[in-house]
Structures are given as C-alpha cells and as structure tokens.
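Trainee: Please put together the full structure from these sequences, using the hints given.
This is what each chain is made of:
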Amino acid sequence: MTPSPLNAKIIPMSINVQFFASLRELIGKQQSSMDYSDGLDVSAVWQQTSNNADMPDNTLCAINMEYVKADAPVSDGDEVAFFPPVTGG
Amino acid sequence: MTPSPLNAKIIPMSINVQFFASLRELIGKQQSSMDYSDGLDVSAVWQQTSNNADMPDNTLCAINMEYVKADAPVSDGDEVAFFPPVTGG
Amino acid sequence: MPAILLDNVFNPWDEIQRYQAEHLQSGHYGATASFVGTMRDFNIDRSVRHMTLEHYPAMTQHFLDKLCLQCAEEYDLDDCLIVHRFGDICPDEPIVLTVAWSAHRAQAFDACRYLMEELKARAPFWKKEVTDEGERWVHNELRS
Amino acid sequence: MPAILLDNVFNPWDEIQRYQAEHLQSGHYGATASFVGTMRDFNIDRSVRHMTLEHYPAMTQHFLDKLCLQCAEEYDLDDCLIVHRFGDICPDEPIVLTVAWSAHRAQAFDACRYLMEELKARAPFWKKEVTDEGERWVHNELRS
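Protein chains in written order, with this note's numbering: chain A, 1 to 89; chain B, 1 to 89; chain C, 1 to 144; chain D, 1 to 144.
These are computed hints drawn from the structure, not numbers from a lab.
For every residue, glycine included, the Cβ atom is placed at its ideal position computed from N, Cα and C.
Just so you know, not all the hints are guaranteed correct.
Here are some chain A residues pointing at chain D (derived, C-beta under 8 angstroms) [what the hints assert, rightly or not]:
#1 Phe20
#2 Ala21
#3 Ser22
#4 Thr59
#5 Ala62
#6 Ile63
#7 Met65
#8 Ala81
#9 Pro85
#10 Thr87
#11 Gly88
#12 Gly89
Mentor: Structure follows, in structure tokens:
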C-alpha cells in the first residue's frame with residue numbers, strides 16, 4: 001500500500017519460508033528463503049522450496065502470521081509458513 | 001415401607017413445618033408443628049400453620065428435603081417446608 | 001464428589017488445588033472446568049453494601065450432594081466439587097464454586113455449567129441484599 | 001487480556017489469582033469461568049511418557065492475542081486470559097489455561113469455551129508424543 005522507498009527497488013528482498021512439525025520433517029528443514037518475483041503465490045513458494053515434495057492435502061498456509069489459502073499472492077519480504085493441522089490445547 | 005415398631009402406633013408423631021426467606025417473614029415464624037391426621041396433604045399443612053395467609057403462587061414445597069407439589073400426601077413425622085423461588089449461586 | 005457449605009470467606013483456587021491434590025489421580029484427568037460466582041457491588045440499579053444468604057441447611061446439603069453424584073455419572077466425570085457460602089457476604093467475596101474434572105473437555109465444560117444451572121434453579125438458597133435504600137429479597141434473576 | 005506462552009511448568013490457579021489481583025476491579029465481575037487442560041498419561045491406546053509441544057512463536061502469540069481481544073469484545077467481558085505451554089511436557093502438567101471474567105455467568109462460560117475451541121482449532125501448536133513404542137505426531141483429535 002505504502003510507496004516503497006527508492007532503494008527497495010534496487011535491493012531485492014527475499015521470501016522467508018518456514019516449515020513446522022511433520023512438514024518440517026517431510027521437507028527436511030525448518031527454514032528456507034527464496035528470491036521474490038512478480039506474480040508469486042503461496043503454492044509457488046512451496047514448489048520452489050519443498051525439495052519436490054507434494055504438498056499434503058491438509059497443509060495450512062500463513063503469510064506474515066495470518067492464515068491464507070494456497071493461491072494467495074506473496075509480496076516481497078513476506079514470511080510464508082507451511083504446517084499441518086494444529087493440535088494444541 | 002418398614003413396619004412401624006409398636007410404640008409408634010401409641011405415641012402420635014407430629015408434622016414439623018419450616019418457612020424460609022420471604023415466607024418466614026410473611027408467616028412471622030421460621031418453624032411450626034402440627035398433629036398428623038389421615039389424608040393430610042401439603043396444602044392442608046399450609047392452611048393449618050400459616051396464620052391464614054394465602055400461599056403465594058410461586059411457593060415451593062418440600063417433604064423431607066425433596067421437592068413435591070402442593071397436593072402431595074404427608075406422612076406422620078414428615079418435615080414439610082415452604083419457601084419462595086430460590087436465588088443462590 | 002462433595003458439596004461443601006461454608007459460613008466463612010473461602011479462596012476458590014485454594015479449594016480446587018487442595019481437593020485435586022487429595023482426591024484426583026495424577027495423569028488421569030485431562031480437563032478441569034471451573035466456575036466461581038463472586039458477589040458484585042451492584043445489582044440491577046442499586047448499590048449493594050452486603051448480602052445475607054439464607055438456606056435450608058439439611059435440604060441444601062442433600063440437594064447438592066445428589067446433584068454432584070448425578071452429574072458425575074451423567075457426564076462420566078473423574079470427579080466434581082461444589083463449594084457454596086451462606087450467611088453474611090460482602091462484595092468481592094466468592095459465593096459459589098463448581099468444578100468438574102474429566103478426561104475430555106466437552107464433558108468438563110458441560111458438567112461444570114450443569115452444576116451451576118441446577119444449583120441456581122433449584123438449590124434452596126435465598127439472597128437478601130442490604131442496599132443504600134434498605135433491605136430487599138432478591139427475586140428470580142432474569143439475567144444470568 | 002493477555003496471552004502468555006511459557007516453556008516451564010505453571011500453576012494455573014496461581015496464575016488466575018495473580019492476574020485477578022493485578023488486573024480485575026474488585027466487586028465488578030460476578031462470574032469467572034476457567035478451563036485447564038492437563039497432560040494425561042494415556043491417549044487413544046498407548047501409554048504416553050512425555051510430549052513435545054512445537055509452536056510457531058510469532059504467529060502463536062499474534063493469534064492468541066487477537067483471540068483474547070476479539071473474545072473480550074464479543075462476549076462483553078471484564079477481562080480474559082490465556083496461558084499456554086510449549087516445549088517438553090510431562091504427564092499431569094498443565095498445558096493450557098483459559099479464563100473469562102464477566103458480570104454474568106452465561107458470557108463467562110461461553111467465552112471461556114470459545115477461547116478453548118478456537119485455540120484447539122486454529123492456534124499453531126503441534127504435539128509430538130513419546131510413547132513406549134516411539135515418537136508420533138498427534139493427529140487431529142476426533143474426541144474432545
């Protein structure tokens with residue numbers, strides 16, 4: 001929404017990607033990062049960071065700590081997270 | 001249920017009557033007693049112990065610590081209680 | 001699964017802990033639901049200074065004992081507990097505590113609420129409030 | 001109306017008392033509903049020795065903070081509180097506490113339950129149990 005400062009156009013930010021619980025074990029890592037590109041959505045982030053694993057059907061996705069669907073658009077600098085159904089409480 | 005011992009036939013028991021809260025104040029006493037007679041029901045107990053006060057519509061009745069209706073039969077030795085709607089908790 | 005009637009101030013959280021330590025089996029219950037009713041310093045539109053809670057001792061005890069037993073069976077509880085004050089009560093003092101311990105949370109929640117609803121509807125207690133404008137019996141509360 | 005995440009054993013009854021003393025106005029709330037979820041030593045058919053509760057720290061805090069605010073507003077609460085463990089947890093230790101303070105009991109009961117149901121359904125925590133037969137992730141619990 002806010003216009004980016006000039007240097008944000010010059011220094012590319014990246015997408016911070018987090019995997020939790022059984023997905024962390026499936027992917028083999030807790031954290032990844034990737035370069036931002038136009039038109040990126042959450043499922044594309046999965047494809048590029050998941051070591052070719054299929055996304056389990058019940059996977060939950062979040063951008064910047066809010067639940068989103070897999071086709072939600074990703075912005076430069078976002079934190080994208082993937083995790084299985086929750087079991088707290 | 002249990003057969004009465006012989007002396008229970010000889011020494012007449014009585015009905016113990018209790019009034020609580022606003023009914024205690026209405027009747028002007030906490031406790032009363034009356035002789036048992038055959039065919040006695042709860043409303044007759046009220047009539048004979050309430051100093052001619054009408055029974056308020058919402059009055060609750062109990063015999064021996066269990067809720068009953070006003071036409072419930074009373075037995076020799078029972079404790080009969082009258083009280084207004086409850087307001088605990 | 002007792003019902004305890006007290007004529008003095010009690011600390012509901014201490015009561016829960018003490019009862020739990022003495023009567024509940026470690027590692028067995030997974031869900032503890034509790035409710036504490038506390039005397040407020042206002043009711044409807046008047047300022048309440050203090051309150052006297054009258055009860056019918058033998059029937060109150062009998063009613064609450066039966067309620068605990070029946071509730072524990074109906075909701076398959078590990079245990080349950082009711083503590084209720086009577087006599088003079090001041091604002092901010094606890095009036096009632098209900099607790100239900102169960103393996104599962106739905107039963108604990110349902111049972112704790114059932115204890116309170118039955119108690120409010122049928123346990124022989126009567127509140128008389130002392131307000132700035134004098135004494136008054138509390139009538140059936142339309143609001144919960 | 002905070003949400004507190006802890007990696008150590010906590011006493012839920014002490015938490016309630018401390019929070020109440022520091023944040024609640026005497027004589028104002030009449031109803032306190034609380035729920036404590038405790039680790040059991042059995043789940044389904046296996047014996048559970050201990051458990052690790054993984055979470056997504058920033059999102060968990062954010063989610064529970066928002067939940068408290070939204071619940072307090074929706075149920076017209078005086079206040080509410082969530083305390084939740086993470087990390088290694090042993091049987092009989094509390095996992096979660098939810099508390100709702102209100103003028104009226106219906107709101108307190110409803111709000112306390114709402115906090116738990118939303119937390120169970122959506123807060124990013126994941127349980128891994130260590131049983132006699134090895135480790136396993138806990139799957140969506142069909143039973144409450």
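Trainee: Confirm or reject each hint.
Mentor: Hints and how they fare:
1. Proximity of Phe20 (chain A) to chain D holds as hinted, the smallest CB-CB distance being about 6 angstroms (cut-off 8 angstroms).
2. Hint status for Ala21 (chain A): holds, given a least beta-carbon distance of 4 angstroms to chain D, under 8 angstroms.
3. The closest approach between the C-beta of Ser22 (chain A) and any C-beta of chain D is roughly 5 angstroms, which is under the 8 angstroms cut-off, so the hint is satisfied.
4. Hint on Thr59 (chain A) is violated. Least Cβ distance to chain D is approximately 13 angstroms, over the 8 angstroms limit.
5. Checking Ala62 (chain A) against chain D: minimum C-beta separation of about 6 angstroms stays under 8 angstroms; hint holds.
6. The restraint placing Ile63 (chain A) at the interface with chain D is violated, with a minimum CB-CB distance near 10 angstroms, outside the 8 angstroms limit.
7. At a threshold of 8 angstroms, the smallest CB-CB gap from Met65 (chain A) to chain D is about 4 angstroms, leaving the interface hint in force.
8. Here the hint on Ala81 (chain A) is kept, as its CB sits about 6 angstroms from the closest CB of chain D, short of 8 angstroms.
9. Because the closest C-beta pair between Pro85 (chain A) and chain D is about 5 angstroms apart, less than 8 angstroms, the hint holds.
10. A cut of 8 angstroms between beta carbons decides the hint on Thr87 (chain A): the least distance to chain D is about 5 angstroms, and the hint holds.
11. Given the 8 angstroms rule on beta carbons, the hint for Gly88 (chain A) holds: about 3 angstroms separates it from the nearest Cβ of chain D.
12. For Gly89 (chain A), the interface hint holds, the least distance from its beta-carbon to any beta-carbon of chain D being 4 angstroms, beneath 8 angstroms.
Violation of the numbered hints given earlier is confined to hints 4 and 6; the remaining hints are satisfied by the structure.
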